[in-house]
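Could you build all of it, start to finish, from the sequences and the hints given here?
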Amino acid sequence: MKNLSNVIIIIIGISVVAGAIWFFQQGDTKIVNIPVNTSENNINVHININSSIVNVNSNTNEGIPIDISDLETIEVETDISDLSTIEADLELPEFDFDVSF
Amino acid sequence: MKQTLTIALVGAFIVSITLFAGPNVIAQSNDAAVVGNYAKVKEGYQNTLSEYRSSRSDFLSARNKYQKKSSAVSSEQLLEQAKKYIQKTIMTMSKYLEAMKVRVESMNAGIDEEKRNAIIAEINSDIAWLQEKLGQIERVTENSALVSISDSIREKWTPIRIKAKKYVGVLLSARTHQTISKLEQAKTKIEEYIVLLEEDDQEVGNIENILEELNEKLKVTKTQVTNAEKVFNRISSPDNMQSLFKQGKDFLTSANRYIRESWQVFKSSVSELNKRRMNNKNSMDVEASSLE
Numbered sequence: 045m046k047n048l049s050n051v052i053i054i055i056i057g058i059s060v061v062a063g064a065i066w067f068f069q070q071g072d073t074k075i076v077n078i079p080v081n082t083s084e085n086n087i088n089v090h091i092n093i094n095s096s097i098v099n100v101n102s103n104t105n106e107g108i109p110i111d112i113s114d115l116e117t118i119e120v121e122t123d124i125s126d127l128s129t130i131e132a133d134l135e136l137p138e139f140d141f142d143v144s145f
Numbered sequence: 008m009k010q011t012l013t014i015a016l017v018g019a020f021i022v023s024i025t026l027f028a029g030p031n032v033i034a035q036s037n038d039a040a041v042v043g044n045y046a047k048v049k050e051g052y053q054n055t056l057s058e059y060r061s062s063r064s065d066f067l068s069a070r071n072k073y074q075k076k077s078s079a080v081s082s083e084q085l086l087e088q089a090k091k092y093i094q095k096t097i098m099t100m101s102k103y104l105e106a107m108k109v110r111v112e113s114m115n116a117g118i119d120e121e122k123r124n125a126i127i128a129e130i131n132s133d134i135a136w137l138q139e140k141l142g143q144i145e146r147v148t149e150n151s152a153l154v155s156i157s158d159s160i161r162e163k164w165t166p167i168r169i170k171a172k173k174y175v176g177v178l179l180s181a182r183t184h185q186t187i188s189k190l191e192q193a194k195t196k197i198e199e200y201i202v203l204l205e206e207d208d209q210e211v212g213n214i215e216n217i218l219e220e221l222n223e224k225l226k227v228t229k230t231q232v233t234n235a236e237k238v239f240n241r242i243s244s245p246d247n248m249q250s251l252f253k254q255g256k257d258f259l260t261s262a263n264r265y266i267r268e269s270w271q272v273f274k275s276s277v278s279e280l281n282k283r284r285m286n287n288k289n290s291m292d293v294e295a296s297s298l299e
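In the order they appear, the protein sequences are chains Z and R. Under the numbering used here, the residues of the first sequence are numbered 45 to 145, in order. Under the numbering used here, the residues of the second sequence are numbered 8 to 299, in order.
Since the hints were made in silico from the structure, they are not lab data. If you're wondering where the values come from, they're calculated on a predicted model, not measured in any experiment. Backbone N, C-alpha and C fix where the C-beta goes; we use that ideal spot for every residue, glycine too. Heads up, none of these hints are tricks.
With a straight-line Cα cutoff of 25 Å, these simulated DMTMM-like cross-link-like pairs (lysine to aspartate or glutamate) come out:
| id | chain 1 | residue 1 | chain 2 | residue 2 |
| --- | --- | --- | --- | --- |
| 1 | R | K170 | Z | E138 |
| 2 | R | K194 | Z | E121 |
| 3 | R | K49 | Z | E135 |
| 4 | R | K226 | Z | E116 |
| 5 | R | K274 | Z | E121 |
| 6 | R | K253 | Z | D133 |
| 7 | R | K194 | Z | E119 |
| 8 | R | K49 | Z | E121 |
| 9 | R | K170 | Z | D142 |
| 10 | R | K122 | Z | E135 |
| 11 | R | K229 | Z | E119 |
| 12 | R | K229 | Z | E131 |
| 13 | R | K170 | Z | E131 |
| 14 | R | K226 | Z | E119 |
| 15 | R | K282 | Z | D111 |
| 16 | R | K194 | Z | D111 |
Only part of the chain R face toward chain Z is listed, based on derived beta-carbon distances under 8 Å:
| id | residue |
| --- | --- |
| 17 | Y73 |
| 18 | L85 |
| 19 | Y92 |
| 20 | L178 |
| 21 | T186 |
| 22 | I266 |
| 23 | L280 |
| 24 | R284 |
The following block contains the structure:
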């Protein structure tokens, strides 16, 4: 009987934590992963659509700022420079096929 | 009872760590594997290219001695040098194609899956053809037979070069599409913020105008990439290969200029959002569900 109650406590404990994690992940982690680069300079841009509005200001008179930190990190220069890397890496080699003697 | 609670807490901790870290660890492992694989293939190609150059130099030097009737090099020795040289040529071609294949395989966005599979199948077929020649070279006992095989490889290399140039064009276009896609996703997020601001009874005309400008620029960018793709697709012979590739690249250069302009416009919208504050509690209540 005691063992049974122990098992039930364990299951409830794990279920509560798992449920809490699941709940927070539903609202928290909708991550759009764009694999924008597959070279050695690989970049993965995570546009994290979460916690879009974060209360960093307790003064309600000034309103709540919009958290745009994920948008601020987006850049395009690395993507553009990656084109040169692709082209350089895959530049056609020249061969000489003359093996006559 | 105390022991049970400890077990429960440890269990809960393990579950939570697994749930939180698991997906990220897997994703990061996959990314690292792709990057690591390409780096390995690229290094292999560069090493083989270096060996090819070295074996070519050895062969030319030996042939020069042989043609001067030098006793230092016999015809048998020269044939072995020539075989080694052509084998290195084939291996370099194969490694080049493998590097191309890995690039195409890892470009999992920006290239239509059917097209990607077709390219990979063609590359595999070319690599298989080249590998078959390696065995034939091993069995060669006369220079004339080696010259014949070498000629067939030269003939094979011509269409491979044309296709490779086209594939590079495909990769460059796909990579540009990815950048456009990135900006479009960011734009979608800004649109979602606009909805929230409207629900918060705020004026959004300014941000909407900026987004409209961003839309226009992205539209022009896409047109430039589409033009580039059309030009790359027309590559069909050694004669038009270089000129069409250059034309395609010019379109992509133009596309990149618009991408930079789009990014500037996008930054303006971010700055505009940065100034805003949410006042209405109801808007805040719906924000979570709106942005999910």
